[in-house]
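Following the hints, complete the assembly by docking chain B onto the known chain A.
Each chain, letter by letter, is given below.
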Amino acid sequence: MGHGHDHAHDDFTAAADVPAALDLSVPDSELSPSDVSRRGFLRGAGLLGAGAAASVFAAPGVAEAAGLAHTHGPAGGGTAKGGFQWLAGDHHIHTQYSSDAMYRVLDQAKRGHAYGLDWLVITDHGSNAHAKIGVDKVNPDILHARSALPGLLTFQGLEWNIPAAEHATVFVHPGKNEVDVLKRFEQTYDGSQQPTTNTEAQNEAQAVAGIKFLGEQVRARKIEGALFFANHPARRGVDSPHEVRNWRDADPSVAVGMEGAPGHQAAGIKAPNGRGGARGYYDNNPSAASFPGYPLESYRTWGGFDWMTATVGGLWDSLLAEGRAWWITVNSDSHVVYLDQSDHAPGSDFEANGKFNDPVYTGVTNTSAGDFWPGYYGRTNVGASSFSYKAVMDGLRAGRVWVDHGRLIKALDARVRVAGDPRAASGTPLGGVLQVKRGTSTELTLDIDLQDMPNWATFIPVLKRVDVIVGTVTGPVADKDTFVAPNTKVVKSFEVSPGSQRVSIKYGLGRLDKPFYLRLRGTDGNRSQPGLMGAAVDPAGPKLDAIGDADPWGDLWFYTNPIWVLPK
Amino acid sequence: MTIYHSTAALSADLVTPAGTYGVPAGAPVIGVSRGHRELAEADHWILSLVPAPVLACTHLVREPFPHVAISLVGAAASAAAAASAAAEVPTAVRAATTAPGVGLLGGLVAPAGAQAVPETRSILETLPALETPPALETQPTLQVAADLAVAGRSGRAVLFPGVANLVGTLSVADVLALSAIDRIEILGGEVPDPAALVETNDFVRPQYRAGQLILTVMPAVDGRLVPFESRTPTPCCAAH
Chain A
2 MGHGHDHAHD DFTAAADVPA ALDLSVPDSE LSPSDVSRRG FLRGAGLLGA
52 GAAASVFAAP GVAEAAGLAH THGPAGGGTA KGGFQWLAGD HHIHTQYSSD
102 AMYRVLDQAK RGHAYGLDWL VITDHGSNAH AKIGVDKVNP DILHARSALP
152 GLLTFQGLEW NIPAAEHATV FVHPGKNEVD VLKRFEQTYD GSQQPTTNTE
202 AQNEAQAVAG IKFLGEQVRA RKIEGALFFA NHPARRGVDS PHEVRNWRDA
252 DPSVAVGMEG APGHQAAGIK APNGRGGARG YYDNNPSAAS FPGYPLESYR
302 TWGGFDWMTA TVGGLWDSLL AEGRAWWITV NSDSHVVYLD QSDHAPGSDF
352 EANGKFNDPV YTGVTNTSAG DFWPGYYGRT NVGASSFSYK AVMDGLRAGR
402 VWVDHGRLIK ALDARVRVAG DPRAASGTPL GGVLQVKRGT STELTLDIDL
452 QDMPNWATFI PVLKRVDVIV GTVTGPVADK DTFVAPNTKV VKSFEVSPGS
502 QRVSIKYGLG RLDKPFYLRL RGTDGNRSQP GLMGAAVDPA GPKLDAIGDA
552 DPWGDLWFYT NPIWVLPK
Chain B
6 MTIYHSTAAL SADLVTPAGT YGVPAGAPVI GVSRGHRELA EADHWILSLV
56 PAPVLACTHL VREPFPHVAI SLVGAAASAA AAASAAAEVP TAVRAATTAP
106 GVGLLGGLVA PAGAQAVPET RSILETLPAL ETPPALETQP TLQVAADLAV
156 AGRSGRAVLF PGVANLVGTL SVADVLALSA IDRIEILGGE VPDPAALVET
206 NDFVRPQYRA GQLILTVMPA VDGRLVPFES RTPTPCCAAH
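The listed protein sequences correspond, in order, to chains A and B. Residue numbers for the first sequence follow my numbering, beginning at 2 and rising by one. Residue numbers for the second sequence follow my numbering, beginning at 6 and rising by one.
Chain B extracted, bound-state conformation:
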């Protein structure tokens, strides 16, 4: 069991407002900027954290230059210390955080079999706050970005309760039942049928909007849906 530190020093605005992140009020948010230019780089860094945070979001910021800042909830101090080492073995880390049947919180608080969202949330309610661990610190020049990430209300979630369950092909209803995703929207305005199938491609990046975690999907082959964001978007060109 990971030991969490008391965080009396954390200011009030560094904790989640009720509902904003799909986790209970009071959970601390850590802002981080490593100056990642691309989402994929930020995702990779997030997925290298051991144990994984409960919630990790990317935030597109323009200060001090356009890049990707990160907010973390439930990131352990020990996790941060292990982060740099873990970065070299992302496959193992990825397996730990996405293996079906292994709940996201397995590596954090590890109650055996904890997977279902209601349980996840009840566990979170018991989490004490934590300090920003040293390895999650941000260079002073990028602190503005880290602060923007904490203040962000439009994070793109890389890790969130239930993400490990979102693999393969799932119905719209299942996606909602198995994860913290609050709503699925089809690009262009059509209303999703709860029975419609979503090809997750094991890559699901919902976004917060007005406190709700929303997965935007779009029509694909044979009437199925795919998440709006693709794991492998076409690069702008190979020439530069």
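Just chain A, with the same shape it has in the complex:
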């Protein structure tokens, strides 16, 4: 609709008081030296360019080329090529500073590192005790973990009770103000700190304000970066589609994604050797606070993954089909670990101290716990330009991320490029946007190193199948509560030959007609059923996890984030 558009211009570049440094229509050469410096800082902090826009159509001209309504703002999606190191991590871990958890920061960090993680985030629950005491007290423990484990990047964050919604990981780049920013954020914006008289609308607005606050702290140079991921988003049906969109739009440099799979993956292990509950603790039902449109299927896990991600043509795809950059992760949500032999120390006073005393060894094996140690089962693999806090945050913000359970595969490199490009390792990586002239042929190149090492359950997982999922990009939705993407489906499946060591696939994506995105999924092939949108959309999707009998090691999947292909 040309320039007479009716959509909201609410990203920060369009704000009336936008500083010159943020206005990308002003070239560097026309900025004052201080603004050039400021722009450099912001670019370095990931607040300009790659990954910082709500939409892949944010760059001028991109949407018009695709024949769609445009949005303003910097270009979205990662564009860097090659040379990434893939750093495994977990952004959702609890300690003795959570009223329902028990371990020291060092217990969790040591285990996470031993089990193969390169980075992790300590995310104790927002609460009165945490906001007043825990958020300060946990910091020395985190500093200690950083010095004791130099090979592990240990972020401080918290698990935010999003007003009117579920929980979210919020974390910041380390620095002298990390505690101050987190503390002010929690005391002002945590759901536990809101007046009980607040209406649903007031709470939703407060959630948006909290995300904006974090971005403002970065732009004010208090911290070098802040990120938000919605945790276990479909668990109770309280993260409505419009809230997810509003969070992303509140500040796309902060709110960048959600858990594709929840933690608590041991909770479905069959009794008496396990808890015999629901995988992920996904055993809730619609409540008065739930979004009324969600089906009952959304309250359960599918192959261990959250319904928003597991459903081909579902909520996640509806965001990607808009061109809305929104990434997925997997985490442990580790509180109390399956088969661990320790317990809370006696004599703890959590409310007074903001923490439990250090755990004590009991010799009693806990078979009813639902969690794994960080790194033991799931991992979020981030393509980083270096081993650093900033590079991990940049990679997450850019969506250069793939996730797996139980070490299903060893490594993955997926790119989309102009077909026939003779250069090795060329192409646009995960999270990126490839722009080509209409009619140009593109192809997916996919290299997977199959697993040759035993996982932490002592077996070598075998990848059986890889699915290529493609969706047409149709631009912004009129109804922010949309959660279906009718043009997204599995377009191709590759069976992996038994005994293979490597999968190398070139898959032609045809001549570019309409803008589209692509994402990948793989499985051990043990459990599948037709997808919720029908067998024509997803013939062999993840299967509903049984209550009380969901062996997490017998049902392994990997998922990648998307790559977009747009006309220029």
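The hints are simulated quantities; they were obtained by calculation from the structure and are not laboratory data. Misleading hints may appear alongside valid ones.
What the hints assert, rightly or not - Residues of chain A placed beyond 12 Å of chain B at every Cβ, according to the derived structure: (1) D108; (2) A210; (3) D359; (4) N367; (5) K438; (6) P487; (7) V491; (8) F495; (9) L545.
Claimed, not checked - Simulated restraints, written as ranges between beta carbons of each label pair: (10) B/A45 - A/A202: 25 to 31 Å; (11) A/K177 - B/D207: 54 to 60 Å; (12) B/D187 - A/T197: 37 to 43 Å; (13) B/T237 - A/T368: 42 to 48 Å; (14) B/P199 - A/K213: 54 to 60 Å; (15) A/D422 - B/S159: 50 to 56 Å; (16) A/K133 - B/E43: 47 to 53 Å; (17) A/P296 - B/V226: 23 to 29 Å; (18) A/P487 - B/A215: 38 to 44 Å; (19) B/H49 - A/N367: 27 to 33 Å; (20) B/V226 - A/P455: 24 to 30 Å; (21) B/A215 - A/T189: 31 to 37 Å; (22) B/A182 - A/P196: 47 to 53 Å; (23) B/D207 - A/R185: 36 to 42 Å.
In this text, a Cβ means the ideal position worked out from N, Cα and C, and glycines have one as well.
Okay, now just chain B, sitting in the frame of chain A:
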């Protein structure tokens, strides 16, 4: 025998359309809102009614704030008066409404041995309409919710004909034969085998959809099925 009052004052839309609630057309529906935030609170209130209603459903409403409203069919005036007192002895009430062999209607109209669904329905057909008893009244600010409950076509049934029979482990066929549940669906689309076993956990909350009372179940241990809704869902966390 409970005495029911004539209800000439009830408007036409306050009675059940044919089939909507699995009870005959003409049975009056009473809408109630007590502002319960949680389903468990509404369930508890419903189960404290003496004698028990024939049909009691919860309805998730968003007006004037998100909470659980309630619709009742066959709730007796005397029941309402006893409700607040009964709330203190829910165990006894629960026993009265769920004891195997004691039909749901036992406390209401009490024909000895009335349990089977066909009989239940024939009894209902003889029920005269009733007025909203004073103790079932709703605060004016919540009346909108009570009205939504009455208009609701998607109630979650807490009490319904035959619920008392749904205890222990039953086959799919038995669940359908012993209660007003019209259909059982497996989450995710699989078709249930009539011989498949359902572990009821003595907690069965079917939902109305398009006039049919449907119990959604899901796969559980050893090929058995469990109702979708659990009596004890995991709380969101202990911290707030």
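Do the hints match the structure? See the list:
{"no.": "1", "hint": "D108", "result": "holds, 19 Å"}
{"no.": "2", "hint": "A210", "result": "holds, 19 Å"}
{"no.": "3", "hint": "D359", "result": "holds, 19 Å"}
{"no.": "4", "hint": "N367", "result": "holds, 17 Å"}
{"no.": "5", "hint": "K438", "result": "holds, 43 Å"}
{"no.": "6", "hint": "P487", "result": "holds, 18 Å"}
{"no.": "7", "hint": "V491", "result": "holds, 17 Å"}
{"no.": "8", "hint": "F495", "result": "holds, 25 Å"}
{"no.": "9", "hint": "L545", "result": "violated, 4 Å"}
{"no.": "10", "hint": "B/A45 - A/A202: 25 to 31 Å", "result": "holds, 26 Å"}
{"no.": "11", "hint": "A/K177 - B/D207: 54 to 60 Å", "result": "holds, 58 Å"}
{"no.": "12", "hint": "B/D187 - A/T197: 37 to 43 Å", "result": "holds, 40 Å"}
{"no.": "13", "hint": "B/T237 - A/T368: 42 to 48 Å", "result": "violated, 18 Å"}
{"no.": "14", "hint": "B/P199 - A/K213: 54 to 60 Å", "result": "holds, 56 Å"}
{"no.": "15", "hint": "A/D422 - B/S159: 50 to 56 Å", "result": "holds, 54 Å"}
{"no.": "16", "hint": "A/K133 - B/E43: 47 to 53 Å", "result": "violated, 27 Å"}
{"no.": "17", "hint": "A/P296 - B/V226: 23 to 29 Å", "result": "holds, 24 Å"}
{"no.": "18", "hint": "A/P487 - B/A215: 38 to 44 Å", "result": "violated, 24 Å"}
{"no.": "19", "hint": "B/H49 - A/N367: 27 to 33 Å", "result": "holds, 32 Å"}
{"no.": "20", "hint": "B/V226 - A/P455: 24 to 30 Å", "result": "holds, 28 Å"}
{"no.": "21", "hint": "B/A215 - A/T189: 31 to 37 Å", "result": "violated, 46 Å"}
{"no.": "22", "hint": "B/A182 - A/P196: 47 to 53 Å", "result": "holds, 51 Å"}
{"no.": "23", "hint": "B/D207 - A/R185: 36 to 42 Å", "result": "violated, 49 Å"}
Comparing the model with each earlier hint shows violations of hints 9, 13, 16, 18, 21, 23; every other hint is respected.
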